[in-house]
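Peer 1: Here are the chains, one letter per residue:
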Amino acid sequence: MRYLPLTPIDRRDMLAVIGAKSVDELFKDVPADARLPSKVAGLPDHLGELEVERAFQNYAAKNVSPSTAPFFIGAGAYRHHVPSTVDYMIQRGEFLTSYTPYQPEITQGTLQYLFEFQTQVSLLTGMEVANASMYDGSTGASEAVLMANRITRRTKALISGGLHPHYRNIIETTAHWQGYSAVAAKTDAEGLEDLIAKVDKETSCVVVQNPSFFGHVRDFTKLAAACHEAGALLIVVVTEVVSLGLIMPPGEMGADIVVCEGQSIGNGLGFGGPYVGLFATRDKYVRQMPGRLVGETVDADGKRGFVLTLSTREQHIRREKATSNICTNAGLCALAFTVHLTLLGEAGFRRLAELNHAKASELADRVAALPGVKLLNESFFNEFTVRLPKPAAPVVQALADKRILGGVPVSRLIPDDPSVENLLLLAATETATEAGMGPLIAGLKEVL
Amino acid sequence: MVQSLDRSQGRAGGIAAAASDSPTFTGNRALQIEEPLIFEMGQPGRCGVDLPEPPKVKDRLNGLKRTGEIGLPGLSEPQVVQHYTRLSQKNYAIDMGVYPLGSCTMKHNPRINEKVARLPGIGDLHPLQPVSTVQGALELIDRLAHWLKTLTGMPAVAMSPAAGAHGEMCGMMAIAAALEARGERSKRRVVLAPESAHGTNPATAAALGFTVKPIPANERGRVDLASLKAALGSDVAAIMLTNPNTCGLFESEIVEISRAVHEAGAFFYCDGANFNAIVGRVRPGDLGVDCMHINLHKTFSTPHGGGGPGAGPVVLSAALAPYAPYPWIVKDGEKWRVAEDGAAVDGKPLGRLKAFHGQMGMFTRALSYIMSHGADGLKQAAEDAVLSANYVMAALKDVMTPAFEGPCMHEALFDDGFLKDTGVSTLDFAKAMIDEGYHPMTMYFPLVVHGAMLIEPTESQAKEDLDVFIAALRSLAERAKSGTAAEEFKAAPRFAPRRRLDETLAARKPVLRWRPSNNPPEGDPLKQAAD
Amino acid sequence: MADTKYTQEHEWIRVEGDVGTIGITQYAQEQLGDVVFVDVPAAGRKVAKGEACAVVESVKAASDIYAPVSGEVVEANAALADSPGDVNAEPTGKGWFFKLKLADKGELAGLMDEAAYTAFVKSLG
Numbered sequence: 000m001r002y003l004p005l006t007p008i009d010r011r012d013m014l015a016v017i018g019a020k021s022v023d024e025l026f027k028d029v030p031a032d033a034r035l036p037s038k039v040a041g042l043p044d045h046l047g048e049l050e051v052e053r054a055f056q057n058y059a060a061k062n063v064s065p066s067t068a069p070f071f072i073g074a075g076a077y078r079h080h081v082p083s084t085v086d087y088m089i090q091r092g093e094f095l096t097s098y099t100p101y102q103p104e105i106t107q108g109t110l111q112y113l114f115e116f117q118t119q120v121s122l123l124t125g126m127e128v129a130n131a132s133m134y135d136g137s138t139g140a141s142e143a144v145l146m147a148n149r150i151t152r153r154t155k156a157l158i159s160g161g162l163h164p165h166y167r168n169i170i171e172t173t174a175h176w177q178g179y180s181a182v183a184a185k186t187d188a189e190g191l192e193d194l195i196a197k198v199d200k201e202t203s204c205v206v207v208q209n210p211s212f213f214g215h216v217r218d219f220t221k222l223a224a225a226c227h228e229a230g231a232l233l234i235v236v237v238t239e240v241v242s243l244g245l246i247m248p249p250g251e252m253g254a255d256i257v258v259c260e261g262q263s264i265g266n267g268l269g270f271g272g273p274y275v276g277l278f279a280t281r282d283k284y285v286r287q288m289p290g291r292l293v294g295e296t297v298d299a300d301g302k303r304g305f306v307l308t309l310s311t312r313e314q315h316i317r318r319e320k321a322t323s324n325i326c327t328n329a330g331l332c333a334l335a336f337t338v339h340l341t342l343l344g345e346a347g348f349r350r351l352a353e354l355n356h357a358k359a360s361e362l363a364d365r366v367a368a369l370p371g372v373k374l375l376n377e378s379f380f381n382e383f384t385v386r387l388p389k390p391a392a393p394v395v396q397a398l399a400d401k402r403i404l405g406g407v408p409v410s411r412l413i414p415d416d417p418s419v420e421n422l423l424l425l426a427a428t429e430t431a432t433e434a435g436m437g438p439l440i441a442g443l444k445e446v447l
Numbered sequence: 000m001v002q003s004l005d006r007s008q009g010r011a012g013g014i015a016a017a018a019s020d021s022p023t024f025t026g027n028r029a030l031q032i033e034e035p036l037i038f039e040m041g042q043p044g045r046c047g048v049d050l051p052e053p054p055k056v057k058d059r060l061n062g063l064k065r066t067g068e069i070g071l072p073g074l075s076e077p078q079v080v081q082h083y084t085r086l087s088q089k090n091y092a093i094d095m096g097v098y099p100l101g102s103c104t105m106k107h108n109p110r111i112n113e114k115v116a117r118l119p120g121i122g123d124l125h126p127l128q129p130v131s132t133v134q135g136a137l138e139l140i141d142r143l144a145h146w147l148k149t150l151t152g153m154p155a156v157a158m159s160p161a162a163g164a165h166g167e168m169c170g171m172m173a174i175a176a177a178l179e180a181r182g183e184r185s186k187r188r189v190v191l192a193p194e195s196a197h198g199t200n201p202a203t204a205a206a207l208g209f210t211v212k213p214i215p216a217n218e219r220g221r222v223d224l225a226s227l228k229a230a231l232g233s234d235v236a237a238i239m240l241t242n243p244n245t246c247g248l249f250e251s252e253i254v255e256i257s258r259a260v261h262e263a264g265a266f267f268y269c270d271g272a273n274f275n276a277i278v279g280r281v282r283p284g285d286l287g288v289d290c291m292h293i294n295l296h297k298t299f300s301t302p303h304g305g306g307g308p309g310a311g312p313v314v315l316s317a318a319l320a321p322y323a324p325y326p327w328i329v330k331d332g333e334k335w336r337v338a339e340d341g342a343a344v345d346g347k348p349l350g351r352l353k354a355f356h357g358q359m360g361m362f363t364r365a366l367s368y369i370m371s372h373g374a375d376g377l378k379q380a381a382e383d384a385v386l387s388a389n390y391v392m393a394a395l396k397d398v399m400t401p402a403f404e405g406p407c408m409h410e411a412l413f414d415d416g417f418l419k420d421t422g423v424s425t426l427d428f429a430k431a432m433i434d435e436g437y438h439p440m441t442m443y444f445p446l447v448v449h450g451a452m453l454i455e456p457t458e459s460q461a462k463e464d465l466d467v468f469i470a471a472l473r474s475l476a477e478r479a480k481s482g483t484a485a486e487e488f489k490a491a492p493r494f495a496p497r498r499r500l501d502e503t504l505a506a507r508k509p510v511l512r513w514r515p516s517n518n519p520p521e522g523d524p525l526k527q528a529a530d
Numbered sequence: 000m001a002d003t004k005y006t007q008e009h010e011w012i013r014v015e016g017d018v019g020t021i022g023i024t025q026y027a028q029e030q031l032g033d034v035v036f037v038d039v040p041a042a043g044r045k046v047a048k049g050e051a052c053a054v055v056e057s058v059k060a061a062s063d064i065y066a067p068v069s070g071e072v073v074e075a076n077a078a079l080a081d082s083p084g085d086v087n088a089e090p091t092g093k094g095w096f097f098k099l100k101l102a103d104k105g106e107l108a109g110l111m112d113e114a115a116y117t118a119f120v121k122s123l124g
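If you read the sequences in order, they're chains W, G and F. Quick note: the first sequence uses numbering that gives the first Met the number 0, first residue 0, plus one each step. Quick note: the second sequence uses numbering that gives the first Met the number 0, first residue 0, plus one each step. Quick note: the third sequence uses numbering that gives the first Met the number 0, first residue 0, plus one each step.
Among the clues, some could well be false.
Label pairs and their calculated CB-CB ranges [claimed, not checked]:
1) G/VAL344 with W/LEU49: 32 to 40 Å
2) G/VAL329 with W/ALA368: 56 to 64 Å
3) G/VAL344 with W/GLU361: 24 to 32 Å
4) G/PRO515 with W/LYS221: 52 to 60 Å
5) W/LEU49 with G/PRO119: 16 to 24 Å
In case anyone wonders, no lab produced these hints; they're calculated from the structure. A quick note: this is a predicted structure, and the numbers were derived from the prediction, not measured. Note that the Cβ used here is the ideal one computed from N, Cα and C, for glycine as well.
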């Protein structure tokens with residue numbers, strides 16, 4: 000087996016040093032009837048690299064790759080061009096095959112890029128401090144609610160009807176099993192909801208999304224003020240982080256915690272994961288923040304260096320009193336994010352955002368011009384909602400049958416609300432071309 | 000109140016200066032190049048991408064256009080490549096040598112896994128594409144699920160948890176759900192966990208409102224069965240037990256433990272962090288486990304990536320299977336579908352834990368690793384891992400102090416007994432390993448052993464390399480015991496990109512991001528070069 | 000005349016009138032190492048004897064501080080936010096944690112005096 004360096008002679012010699020007759024002796028603590036007489040039955044034996052690759056090509060051939068079809072799907076995961084440099088860098092073995100930087104003297108590479116990452120996230124979100132990443136945006140949002148509950152010592156979270164339904168489901172699931180309350184507002188497809196009146200003295204936090212799940216761009220400055228007045232926190236979720244190149248950051252609106260899905264920068268779609276959660280807050284809340292943090296310090300010679308810090312918040316020290324049970328983060332996805340954002344820089348990031356907005360504007364106008372189709376958004380970034388004259392799910396399926404990946408029917412994510420049955424979410428990023436948009440419009444004309 | 004800890008831990012102060020090295024003008028040391036932060040390198044007008052001029056459109060941003068500078072630095076592509084390449088050279092990695100970080104399973108990361116994860120039609124799929132366009136992806140997930148269920152001897156698996164701790168949350172929620180269905184959730188509020196448990200176990204249980212009751216270990220490093228039985232009662236929801244345990248030992252009374260737990264009406268959560276020691280040889284289902292998470296990045300090498308991403312699928316017994324969180328991958332006839340909400344499945348799912356369908360990129364890598372090994376290779380890998388750990392233990396037991404008698408599983412645990420009265424601590428010993436070209440072992444964990452050193456060589460090291468590693472540790476142990484080398488140990492590491500870092504300073508005055516007013520400190524080569 | 004008492008958790012309490020000042024002992028700060036953060040209770044909080052009401056953190060450890068007696072917090076040592084190192088430098092002086100208005104002075108009788116505490120520390124080896 001190509002991955003196993005020990006030879007039969009090595010194994011014999013090693014057993015001799017140990018003083019065991021066979022490897023079985025080393026497993027003597029396993030109860031006899033639980034020891035398998037040989038390998039696990041019903042599973043194939045090892046394969047060479049060629050055979051493995053072929054098997055995966057067979058899986059791939061049964062899918063429609065977005066690179067081979069008109070593609071306009073978003074809803075929390077966005078298709079962007081990722082520069083080749085990004086993938087090259089994250090595959091360097093020194094990054095790919097190292098672990099959590101527990102030994103800072105020999106992991107300055109990881110620690111420095113995480114410090115740079117934290118700074119970039121703070122800047123994008125307009126917040127004071129960010130952690131070294133969460134699993135993804137969806138789990139990060141749930142952690143943000145827990146953090147708000149700790150800070151406010153309250154247990155009622157108010158959830159916007161514009162929050163991504165999966166994010167809402169996760170918060171509700173966590174609330175149910177961890178024993179707090181999550182009150183979801185009704186679906187806000189039009190982008191008109193006003194949560195201010197619902198904030199009361201029991202509210203720990205309000206969770207909103209910008210742009211919303213339906214694409215609307217909202218100003219939450221007044222909501223932030225209302226939250227603070229009531230002693231609650233405002234959590235702003237951003238599922239399309241590229242939007243921060245063009246839209247006022249949540250920090251400027253008064254957000255207390257900002258959670259972003261960072262997938263759009265540096266990370267491919269990957270059928271839903273792994274992605275990278277960005278998590279930022281105010282300095283005063285840093286000790287209540289979950290996840291790892293990298294801080295600057297000096298070494299014994301006075302040279303600048305970086306270490307994991309404030310780790311007494313974490314499970315390996317606080318155990319049952321930790322701020323979160325999280326151990327793993329999304330280190331390599333954070334690296335992909337930070338390398339891509341460094342390539343973009345100020346000018347590139349802003350231009351990328353403008354391109355996205357321009358492509359989506361064009362698509363919105365062309366789709367809205369189709370008979371019977373109504374655009375629900377006055378504002379949007381690179382994704383918007385349209386009401387079709389008939390249920391959206393079969394329309395999307397009919398498009399798929401023509402190899403057109405034409406958006407997401409809202410009913411797929413909100414199955415229990417008949418009012419969304421005809422709603423279709425469409426996204427266009429910088430990757431959209433006429434070669435894709437033309438067939439989408441033609442396809443919609445045919446199936447509507 | 001006070002946990003006793005090595006006092007020098009994390010402190011840079013008071014350490015003797017390194018043997019006087021000849022300074023260089025740049026502060027660089029040949030291949031070791033001092034690297035500024037990106038924020039200190041950027042210039043306006045530089046950019047590492049070429050994007051077309053956007054067409055002019057009237058913006059539809061509700062008047063919320065971002066004004067003012069974001070503050071991102073501008074770098075060209077070659078600068079970016081050099082920056083991250085130089086940073087990479089300050090990292091130790093599995094690709095460089097022995098990385099015996101106990102409990103973390105730093106085994107070889109095959110590159111075929113990376114390749115197949117990036118294939119068009121796998122790596123670029125959108126999670127919300129119509130299911131008719133992702134049949135192969137769903138089949139792939141189901142294939143991995145089949146392997147995981149068969150290898151563990153369990154009937155069901157929840158694939159969506161994003162990492163081990165997330166899997167623990169999933170498993171414990173499933174237990175809470177099963178108790179709720181029995182009408183016992185308010186009655187069973189206690190979770191038992193051995194003192195040697197990973198910190199995530201009590202953290203998870205506490206987050207779900209359970210009271211954590213620690214169970215002591217016996218002198219053999221295993222759960223004390225009598226104490227466990229005494230603690231079991233009608234108020235106990237579950238035991239959370241790592242097996243093989245965090246001391247690297249198999250819980251030899253595991254069958255009695257699971258019988259006692261079940262007789263008391265409680266569930267058995269197994270932390271599968273160390274499944275790599277037994278995969279292919281022992282099925283946890285045969286031991287009475289009700290649920291167990293599997294860290295794909297450990298057992299199935301999906302890589303560690305500087306601390307993630309991971310994936311933590313949870314295998315479930317028949318009693319817990321109905322409560323698995325959605326999404327479920329379901330096969331209807333010849334077609335696959337994704338059941339994405341509670342109404343769409345035949346069960347009582349506990350809810351949703353993650354957006355979309357789980358860590359697909361990790362599933363792909365794990366399946367590639369599993370198929371490459373096959374049932375025969377996985378068994379051999381587990382045996383080689385156990386053999387290597389026992390070999391290291393046997394070859395060091397006369398100069399270091401094994402914490403427990405008898406064979407270990409995949410990792411060898413030592414205490415700091417051999418360092419007594421030498422003036423050298425576990426931390427010093429570990430830092431000296433860095434100068435010898437090794438990543439240190441896991442230190443001060445598990446907490447039940449004084450000054451713990453947990454060595455996990457994995458199956459990936461050739462015997463010749465293990466022999467050099469062993470010889471290096473023997474030499475360090477003998478030097479430490481000579482009684483004259485304490486200062487030398489305290490000065491270690493001397494040859495790493497950085498010497499010991501001042502963690503006290505970092506924690507007392509946290510600097511968690513760069514700001515324009517930040518400058519490299521006076522003693523930093525970059526500062527001196529700039530002056 | 001101030002009267003200092005000690006707990007088995009290595010806290011000290013110095014009582015003047017009906018107010019006790021509370022901190023951790025020299026032995027405790029030595030065991031803990033460099034203190035990097037202290038979370039002290041807010042004034043006005045009522046605490047029961049044995050209740051966890053403050054946290055002291057070093058780089059790698061966090062320890063709860065338990066109220067040696069019951070009472071109401073009248074003042075917390077705000078200076079520790081900026082100089083947690085005071086706990087190491089002067090654990091029984093500038094490094095005090097908080098002051099408590101005692102609910103029941105009788106509870107003091109259950110605590111150790113200096114001689115008993117010194118013997119207790121010695122017994123820990």
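Peer 1: So the hint says 32 to 40 Å: do the beta-carbon atoms of G/VAL344 and W/LEU49 match that?
Peer 2: holds, 38 Å
Peer 1: Is the hinted range of 16 to 24 Å satisfied by the C-beta distance from W/LEU49 to G/PRO119?
Peer 2: holds, 19 Å
Peer 1: Regarding G/VAL344 and W/GLU361, is the given constraint of 24 to 32 Å on their beta-carbon distance met?
Peer 2: Violated, at about 40 Å.
Peer 1: Given a hint of 56 to 64 Å, does the C-beta separation of G/VAL329 and W/ALA368 actually sit inside it?
Peer 2: violated, 39 Å
Peer 1: Within 52 to 60 Å or not, the Cβ separation of G/PRO515 and W/LYS221?
Peer 2: Roughly 31 Å apart at Cβ, these two residues miss the hinted range, so it is violated.
The structure shown violates the earlier hints numbered 2, 3 and 4.
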